[in-house]
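Asker: Sequence:
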Amino acid sequence: CPAEQVVKMRDDLPFTHAAIIACDLRDNKLDYARNFGATHTINATTENVVERVREMTGGLGIDTAFDAIGGEQTALQVIEAAAPGGRAVLVGIPAFATRVPINPSQIVYGEKVISGTYYGSVRPNIDFPILADLDLQEKINLDDLISRTYRFDEINEGFALMLAGEVARGVIVFD
11 CPAEQVVKMR
21 DDLPFTHAAI
31 IACDLRDNKL
41 DYARNFGATH
51 TINATTENVV
61 ERVREMTGGL
71 GIDTAFDAIG
81 GEQTALQVIE
91 AAAPGGRAVL
101 VGIPAFATRV
111 PINPSQIVYG
121 EKVISGTYYG
131 SVRPNIDFPI
141 LADLDLQEKI
151 NLDDLISRTY
161 RFDEINEGFA
171 LMLAGEVARG
181 VIVFD
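For the sequence shown, my numbering assigns the number 11 to the initial residue and increments by one for each residue that follows.
No lab work stands behind these hints: they were computed from the structure. Since this is a predicted model, take the numbers as computed values, not measurements. Incorrect hints may have been included.
[As the list claims (entries may be wrong)] Under the rule of at most 20 Å between Cα atoms (straight-line distance), these lysine to aspartate or glutamate pairs were calculated in the DMTMM-like manner:
| id | residue 1 | residue 2 |
| --- | --- | --- |
| 1 | K149 | D137 |
| 2 | K39 | E148 |
| 3 | K149 | E57 |
| 4 | K39 | D137 |
| 5 | K149 | E164 |
[As the list claims (entries may be wrong)] Label-pair restraints from in silico Cβ distances:
| id | residue 1 | residue 2 | range |
| --- | --- | --- | --- |
| 6 | G175 | R109 | 34 to 40 Å |
| 7 | S115 | L152 | 38 to 44 Å |
| 8 | L146 | I117 | 40 to 46 Å |
| 9 | D73 | G130 | 16 to 22 Å |
| 10 | E164 | I103 | 33 to 39 Å |
| 11 | M172 | I124 | 38 to 44 Å |
Where is the CB? At the ideal position from N, CA and C, for every residue including glycine.
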């Protein structure tokens with residue numbers, strides 16, 4: 011499931027009191043996250059993410075923290091930001107040589123769980139039809155996930171804008 015859409019669906023869920031904290035280096039991406047239901051945002055270029063999360067949660071930390079980047083620093087941040095008994099989920103694909111020096115005592119004494127997910131653990135034959143039905147029923151809006159479309163001959167421009175952090179989700183359209 012696209013994470014942003016899960017955030018949008020939270021109003022229909024029993025735990026709607028939950029805070030959803032989004033972190034990014036770019037304000038335009040934080041605006042995007044707020045549009046999809048983030049209740050709090052942190053710009054990691056101006057704030058210490060772990061300290062700010064602790065402030066926002068009264069020192070407790072986050073029940074489930076996701077690293078969508080796949081870097082050493084971001085992996086460490088989600089592990090440290092996870093509350094005792096919480097989960098740190100690694101979503102972003104790291105470079106193969108990336109190594110994360112974790113403190114095993116923090117994991118054991120904090121009873122934290124570190125897990126990974128590849129492609130959201132999606133089951134395309136099952137999950138995509140469900141998502142399409144939810145979109146048709148207007149319970150989620152997949153169109154809002156797409157911030158820009160490109161023709162095939164604009165693919166290089168699309169990659170350049172993606173790498174520059176200018177688009178949230180670009181899609182190549184074949185006419």
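Asker: So, for every hint listed, does it hold in this structure?
Answerer: Outcome of the hint check:
no., hint, in the structure
1, K149 x D137, "15 Å, holds"
2, K39 x E148, "24 Å, violated"
3, K149 x E57, "34 Å, violated"
4, K39 x D137, "26 Å, violated"
5, K149 x E164, "32 Å, violated"
6, G175 x R109: 34 to 40 Å, "25 Å, violated"
7, S115 x L152: 38 to 44 Å, "43 Å, holds"
8, L146 x I117: 40 to 46 Å, "43 Å, holds"
9, D73 x G130: 16 to 22 Å, "18 Å, holds"
10, E164 x I103: 33 to 39 Å, "24 Å, violated"
11, M172 x I124: 38 to 44 Å, "28 Å, violated"
In summary, the structure is inconsistent with hints 2, 3, 4, 5, 6, 10, 11 from the numbered list given earlier, while agreeing with the others.
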